[in-house]
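Those protein sequences? They're chains R and V, same order as listed. Under full-length UniProt numbering, the first residue of the first sequence carries the number 1, and numbering increases by one thereafter. Under full-length UniProt numbering, the first residue of the second sequence carries the number 1, and numbering increases by one thereafter.
Hints in this document: simulated from the structure, not taken from any laboratory. Values in this document were obtained by computation on a predicted structure and should not be read as measured data. Glycine included, every Cβ here is placed at the ideal spot set by N, Cα and C. Hints are not guaranteed to be accurate.
What the hints assert, rightly or not - Computed cross-link-like contacts, SDA-like style, restricted to lysine to any residue with a CA-CA straight-line distance of at most 25 Å:
| hint | chain 1 | residue 1 | chain 2 | residue 2 |
| --- | --- | --- | --- | --- |
| 1 | R | 26 | R | 101 |
| 2 | V | 49 | R | 26 |
| 3 | V | 64 | V | 45 |
| 4 | R | 26 | V | 128 |
| 5 | R | 199 | V | 88 |
| 6 | V | 49 | R | 101 |
| 7 | R | 26 | V | 88 |
| 8 | R | 199 | V | 4 |
What the hints assert, rightly or not - Partial list, derived from the structure: chain V residues whose beta carbon lies under 10 Å from chain R:
| hint | residue |
| --- | --- |
| 9 | 10 |
| 10 | 93 |
| 11 | 101 |
| 12 | 103 |
| 13 | 130 |
| 14 | 225 |
| 15 | 228 |
| 16 | 230 |
| 17 | 236 |
| 18 | 238 |
One letter stands for each residue in the lines below.
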Amino acid sequence: MILILSDERDLSTTQVIEWLEFLNRKWIRINQEDKVKIEFCGKEIIFKLNNIVFNFSDVTSFWYRRGYINLQNDTTGIRPFDEFQNEELKIIMQFIYYKLDDKHHLNSIKNANVNKLIVTSMARDCNINTPEDYIFSNKEGLEQVINSKNTYITKSISGDSIREFEDFIAFNYTSEFTNDWLIPDSFSPSLVQNQIIKKYELRIFYLAGEFYTMAIFSQKDNQTSVDFRNYNNHKPNRRVPYKLPLEIEEKLDVLMKKMDLNSGSIDMIVTPENEYVFLEINPVGQFGMTSFPCNYNIEKRIADYLSYEN
Amino acid sequence: MNSKKYFKIFSNCIIVTGYNRSLILDWQRNNFVAIPDTLQKMISLFQNKKSIDDVIHFYGEENKEIVHEYLEFLIENEFGFITDADEFDLFIDIDTNFEIASHITNCIVEISDETIPSIDKIVRDLESLYCKDVQFVCYESLDLDTLKYVLKATNETNFRSIELILKYSKEVFEFIGEIDKNNFRITELTLHSSANKNKEVSKGTFNIIFINHELKDFRNCGIVDSKYFNNVNKYKIFESLNHNSCLHKKISVTQNGEIKNCPSIPDSFGNIRDTTLVDVINQSSFTKYWNVTKDQIDVCKDCEFRHICTDCRAYVEEPGNQYSKPLKCGYNPYTNVWEEWSTNPLKETAINYYQMEQLVQKNN
Ligand code: SF4
Ligand code: SF4
Numbered sequence: 001m002i003l004i005l006s007d008e009r010d011l012s013t014t015q016v017i018e019w020l021e022f023l024n025r026k027w028i029r030i031n032q033e034d035k036v037k038i039e040f041c042g043k044e045i046i047f048k049l050n051n052i053v054f055n056f057s058d059v060t061s062f063w064y065r066r067g068y069i070n071l072q073n074d075t076t077g078i079r080p081f082d083e084f085q086n087e088e089l090k091i092i093m094q095f096i097y098y099k100l101d102d103k104h105h106l107n108s109i110k111n112a113n114v115n116k117l118i119v120t121s122m123a124r125d126c127n128i129n130t131p132e133d134y135i136f137s138n139k140e141g142l143e144q145v146i147n148s149k150n151t152y153i154t155k156s157i158s159g160d161s162i163r164e165f166e167d168f169i170a171f172n173y174t175s176e177f178t179n180d181w182l183i184p185d186s187f188s189p190s191l192v193q194n195q196i197i198k199k200y201e202l203r204i205f206y207l208a209g210e211f212y213t214m215a216i217f218s219q220k221d222n223q224t225s226v227d228f229r230n231y232n233n234h235k236p237n238r239r240v241p242y243k244l245p246l247e248i249e250e251k252l253d254v255l256m257k258k259m260d261l262n263s264g265s266i267d268m269i270v271t272p273e274n275e276y277v278f279l280e281i282n283p284v285g286q287f288g289m290t291s292f293p294c295n296y297n298i299e300k301r302i303a304d305y306l307s308y309e310n
Numbered sequence: 001m002n003s004k005k006y007f008k009i010f011s012n013c014i015i016v017t018g019y020n021r022s023l024i025l026d027w028q029r030n031n032f033v034a035i036p037d038t039l040q041k042m043i044s045l046f047q048n049k050k051s052i053d054d055v056i057h058f059y060g061e062e063n064k065e066i067v068h069e070y071l072e073f074l075i076e077n078e079f080g081f082i083t084d085a086d087e088f089d090l091f092i093d094i095d096t097n098f099e100i101a102s103h104i105t106n107c108i109v110e111i112s113d114e115t116i117p118s119i120d121k122i123v124r125d126l127e128s129l130y131c132k133d134v135q136f137v138c139y140e141s142l143d144l145d146t147l148k149y150v151l152k153a154t155n156e157t158n159f160r161s162i163e164l165i166l167k168y169s170k171e172v173f174e175f176i177g178e179i180d181k182n183n184f185r186i187t188e189l190t191l192h193s194s195a196n197k198n199k200e201v202s203k204g205t206f207n208i209i210f211i212n213h214e215l216k217d218f219r220n221c222g223i224v225d226s227k228y229f230n231n232v233n234k235y236k237i238f239e240s241l242n243h244n245s246c247l248h249k250k251i252s253v254t255q256n257g258e259i260k261n262c263p264s265i266p267d268s269f270g271n272i273r274d275t276t277l278v279d280v281i282n283q284s285s286f287t288k289y290w291n292v293t294k295d296q297i298d299v300c301k302d303c304e305f306r307h308i309c310t311d312c313r314a315y316v317e318e319p320g321n322q323y324s325k326p327l328k329c330g331y332n333p334y335t336n337v338w339e340e341w342s343t344n345p346l347k348e349t350a351i352n353y354y355q356m357e358q359l360v361q362k363n364n
């Protein structure tokens, strides 16, 4: 049986499940919204959620898509007891996640969030080109490094793009950094990078050693030239299948293995000089936007991968 | 290093070559354009990795301006881009495989006294085949109880679309506002026999279409017209490149309960009373038309519209010839002229064969 951990709204999970159904595979999807109860019987663990009951030992493969197991436990109402019980359960959950990673699996909760700064540093160690990172929290330092020859961009360090305020939503897009910005003397640490001139962007889906790469032409449109998540619906940018040079694939493969990730979305830029510059990896990123335009049918490839029985 | 410039078509623009001209099918932008033969030939040189200089050389210096004009047209419309020799090969062709997680994608059920008792069973079967789109057609007036029953039977399903084609009656017309309360999955309602009837409805959650004439059977189907070419989508094109654009993964239950690929095709594979849809699709002859592509059809194989067109196999110009052109098409790819098909003297024999004389007169 294939176990999938996801959230309610994830369409890609549903599409992979359609393939599992078609291929006649048994599967169970746990959403982070589901309240899960766990019972222990010696060496066996029994999971209960929404009228579904299954044994941990029946899980043959595991897909960590996103989210977490929302464990419900009976509390006593006595604080010290409950706190102790919570601590105990935390350790048990850790053990369960560990055992899930022991099975044939795609991704793991331990790598759900990657640290952008660490990843970029690891990429450099793998001889992959990256932009230069600077972190500043005051104006003085910023002005010393920033020179007028290059252009710079600022982006969020955490990768979280959307913040909801009381009556508006701020989309934290990557934006170009210009001289006329009013900069206070000190500010919260911000990531500044030298801007890479791009010929086109690459969105690469990595699946157990295979690369599904898409080139995105967005330069034409000024509106989207900094970050293509600034969608322009009217005229979609061209998105076409692309084959990475072997040398780049090999380096990325090393990086993914180093990070202990067997799946994820990688963003790169190809410069007018045909340099490949690494931007980031998102282990739980959307792949539908790569799968559809390139007809890669990644949903089916994932279903096939999960169906593999050893 | 080779510093020559090359040109490449974006691989999501598919070029379909016809007898006199070609189409660029731009499914990413749901659009197509016709291009002259000369441009198509030039594109194929570029696609075979001839550099821009080579192509100019091929056509001669005196035609340099024309080559540049063509290139400008292609780049201006974002059908392709300038590249270099090394990069050329990195822009790989798109895989045009058609893969879908359904054994059956679409189904037509003719509602009649014979099929009503089996509706539940049909719906269950379709669900187990992961069917996406279902169409219920009824030629006679349908009483409200039966309509409610059909709505109920399909309410808890996973179908992507459910279309109803019903005969106009006062009862049904007045019930329109209640339909989505009984079944919120209905995507389209068509009322036939609605000449001179009240057609004022408020906007609801689904499309409503009125057809003036009466539908007596399925013989109205299969009309090919350029107005149906407006939906240039990936699934349609890729399915057409690999399979029959109408009959692939289709199943039908006719008025008599017979299970067929399409209601208008004579071959029957059993009655819904005593078999299941699942058993039927496992009979190898059931899928006989599924892999007949437009590239095999007389005339169509020379037509630039062939991969955005529907390939009707039920009504063809030469009944008895499996690869004959669809009867209800008035297009001639050798002259690029559209004409009325129903009055074409060459089609008279076929029209008589399918007993469509009356139908043809009425529709004109
Ligand atoms: S084969 Fe012809 S009649 Fe049958 S469904 Fe297709 S278009 Fe209609
Ligand atoms: S000739 Fe064939 S492909 Fe062309 S429009 Fe007519 S039916 Fe369609």
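### Query
Out of the numbered hints, which ones does the structure contradict?
Numbers 2, 6, 7, 14, 15, 16 and 17, in rising order.
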